[in-house]
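A.B. asks: Same order as they appear, the protein sequences are chains A and B. When we follow the numbering used here, the leftmost residue of the first sequence carries the number 587, and every step to the right adds one. When we follow the numbering used here, the leftmost residue of the second sequence carries the number 587, and every step to the right adds one.
Watch out, some of these pointers could steer you wrong.
Unchecked claim - Below, in silico cross-link-like pairs of lysine-lysine (DSBU-like), each with a Cα-Cα straight-line distance of 30 Å or less:
| # | chain 1 | residue 1 | chain 2 | residue 2 |
| --- | --- | --- | --- | --- |
| 1 | A | Lys774 | B | Lys738 |
| 2 | B | Lys785 | A | Lys679 |
| 3 | B | Lys900 | A | Lys785 |
| 4 | B | Lys679 | A | Lys785 |
| 5 | B | Lys621 | A | Lys709 |
| 6 | A | Lys654 | B | Lys738 |
| 7 | B | Lys709 | A | Lys679 |
| 8 | A | Lys789 | B | Lys785 |
To be verified - Which residues of chain B face chain A? A partial, calculated answer using Cβ under 7 Å:
| # | residue |
| --- | --- |
| 9 | Glu721 |
| 10 | Tyr744 |
| 11 | Thr749 |
Worth flagging that the hints you see were computed from the coordinates, not collected in a lab. All C-beta atoms in this analysis are idealised placements derived from N, C-alpha and C, irrespective of residue type, glycine included.
Protein chains: 2
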Amino acid sequence: MTPEESIALIKANLTEVLNPEIIDDVILNQKRDLKVYWGTATTGRPHCGYFVSMVKIAELLHAGCHIKILLADLHAYLDNMKAPIELIEQRVKYYEFIVKSLLKAVGVDITKLEFIKGSSYQKSENYTMDRFKLEGMTRISVAQKAGAEVVKQTSDPYLGGLTYPLMQALDEEYLDVDAQLGGLDQRKIFTFALENLPKIGYKVRAHLMHGMVPGLGEAQKMSSSEPDSKIDLLDSADVVAKKLKKAVCVPKKIEGNGVVAFVEHVIFRVTSLKTGGKPHFTVERRDEEPLIYDDIEKLKADYEADILTPQLLKAALTKALNELLDPIRSEYEASEEWKKIAELAYPPEEKQQKVKKQKDKGDPAKRAAALAAKAEQLKLKESGAEESK
Amino acid sequence: MTPEESIALIKANLTEVLNPEIIDDVILNQKRDLKVYWGTATTGRPHCGYFVSMVKIAELLHAGCHIKILLADLHAYLDNMKAPIELIEQRVKYYEFIVKSLLKAVGVDITKLEFIKGSSYQKSENYTMDRFKLEGMTRISVAQKAGAEVVKQTSDPYLGGLTYPLMQALDEEYLDVDAQLGGLDQRKIFTFALENLPKIGYKVRAHLMHGMVPGLGEAQKMSSSEPDSKIDLLDSADVVAKKLKKAVCVPKKIEGNGVVAFVEHVIFRVTSLKTGGKPHFTVERRDEEPLIYDDIEKLKADYEADILTPQLLKAALTKALNELLDPIRSEYEASEEWKKIAELAYPPEEKQQKVKKQKDKGDPAKRAAALAAKAEQLKLKESGAEESK
């Protein structure tokens, strides 16, 4: 891949890039790998929503970037006082297993992938002093606005939610990166970082933002008290089929359609990465020739014309998604260590615990989940709902 | 002093004591020195308002307590981003000099007096982790309410002001004390500590609160843009006389009278400490016998009857205060080190700086000063006002 192709792939499939000249400078002038950070708070089990960020990370790895994944255990802790610290430690390990497996499933080389635990540096004296500096110069209203689309919004929020964007900004410096990747919902935190890092003597970074993809059902339903609405990355093929069957998928409607969006932003891009630029998606039909797509616009046109019905689309996505999940499930089944960690990280009692927000910058169903979490908290005792993102 | 006398002196001259049984237990059952913490943010030059806390600290030392004075440099830093950290470091030294000198001037043995710099432990990993815990479980509204009478209140405050009460609570644990001393304005922070320390596994402390004594003029005038309204502990005898002359002191009125209050809460108690319980205050009169008081009620009655006029009272206080300040001034003049530190800590440019709030738990003019500071900020550029508390 030429440097220009690398830059093009880095900037591809994004809704917005802030300070793109930093990317160009690193690759064209400094002639080194671009270092990019993506963070996730290690709370609930990662589900299929993670694919949206993961596909972008796969593209960045493919483009030769050095990716640093922040496993933000302190953010998780700040957010979830009810979970003992030991549980979060196990979740950090679980997240590393599943993110690695997920990226391998996407078919990308992960030698330039690095995992860093937040607590490994976020309790240090230097970081703490910088946090003091930012706390001294940041108005409450500014911190609240910065976190408005990421941190759970309540009428009487916790102090931890204000610290959150400050830390996410500082992390750019302490992870020593050139750019941060996140969903478009991270925009206000990203601009907070741009405005405030220079005030304490640090340089600004580029910011890569992918779009927000509607969820596979839960975003439409906005209720995670319905356990079926979330597809876990380790759900069995049958469970995936069952859950997709229930997914909201309005006929002929593209806008807000999570199933179509998933095909576009995950399946098409994964196949494109795997084949060197040739996406494909096959829809089997009974007693008819299959519909074969290598162009998302054609697929959308067929969907709007009801040639590609929700039933056909769901069945095809079930097949494609299960193919994607198969290697993850196999790796899990083959790893005694991972299975043991999963048990420790998510003990059965978890089902009774409160649903908590998450420092997840790539969750297409984030907003919906936040609302759902709120709803679930209200009926916590009557439901046996699974922890949701 | 018997243990019972010690306990009585510890609890004397206070407006309120929370959990007094802790004090009794330490002295009567554990039979050891009571450890008490008092904190001050090292910002502006300590002025005569400090005497109110210092007299209580002197009583505690006299009663055999071990006193830990927190020189809260990080609080000062959080609060005063405009002052470079080097300046605050010098101010920490200046505060230690003046507090020691002040207590010696009061005539008390300071061998059980200890100074601790906030940054010596407030950046540690354990402290930071505890701060994360408190931030995760404390609602913004609760933190704001806790600091409402101590932290500067504005319509759009800084995040640092929310961290402030959390740290002050944690300090009780990290300074390893049995009790904390402060003005009545600290009450909400003290109850925050009582409620929250047990939630993170720490024990509650006793809380000693002295009353809020009106200022020597500035509290009445509510303007620190008038440099004369504050008596610096190192002001010359002439300057003290000049400033007291200008002090507000309404004839026949005791309530809210800072001059009468200063005589009661500083002069009477200091002389009482020095003489083993026999306060005295002499008012010289021209062509008449002096008025000699050993009972504050008699003094107040005479003042209300206008036998003791404001002019007589001010002249007598000027004499008594200058006697108190003399040893401090002498010590300063004799110490090349202290003089050098004063120069470094408060360079001339300071006069042009913003007035900042202060973690001062014993400032009788605190509320007034906060209002004054606000007023001064508004006319910052037109005034050559000194930094005020």
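A.B. asks: Hint by hint, note whether the structure agrees.
C.D. replies: Here is what the structure says about each hint:
{"no.": "1", "hint": "A:Lys774 <-> B:Lys738", "in the structure": "holds, 27 Å"}
{"no.": "2", "hint": "B:Lys785 <-> A:Lys679", "in the structure": "holds, 28 Å"}
{"no.": "3", "hint": "B:Lys900 <-> A:Lys785", "in the structure": "violated, 49 Å"}
{"no.": "4", "hint": "B:Lys679 <-> A:Lys785", "in the structure": "holds, 28 Å"}
{"no.": "5", "hint": "B:Lys621 <-> A:Lys709", "in the structure": "holds, 29 Å"}
{"no.": "6", "hint": "A:Lys654 <-> B:Lys738", "in the structure": "violated, 40 Å"}
{"no.": "7", "hint": "B:Lys709 <-> A:Lys679", "in the structure": "holds, 28 Å"}
{"no.": "8", "hint": "A:Lys789 <-> B:Lys785", "in the structure": "violated, 39 Å"}
{"no.": "9", "hint": "Glu721", "in the structure": "holds, 4 Å"}
{"no.": "10", "hint": "Tyr744", "in the structure": "holds, 6 Å"}
{"no.": "11", "hint": "Thr749", "in the structure": "holds, 5 Å"}
This entry does not satisfy hints 3, 6 and 8, going by the numbered hints stated previously.
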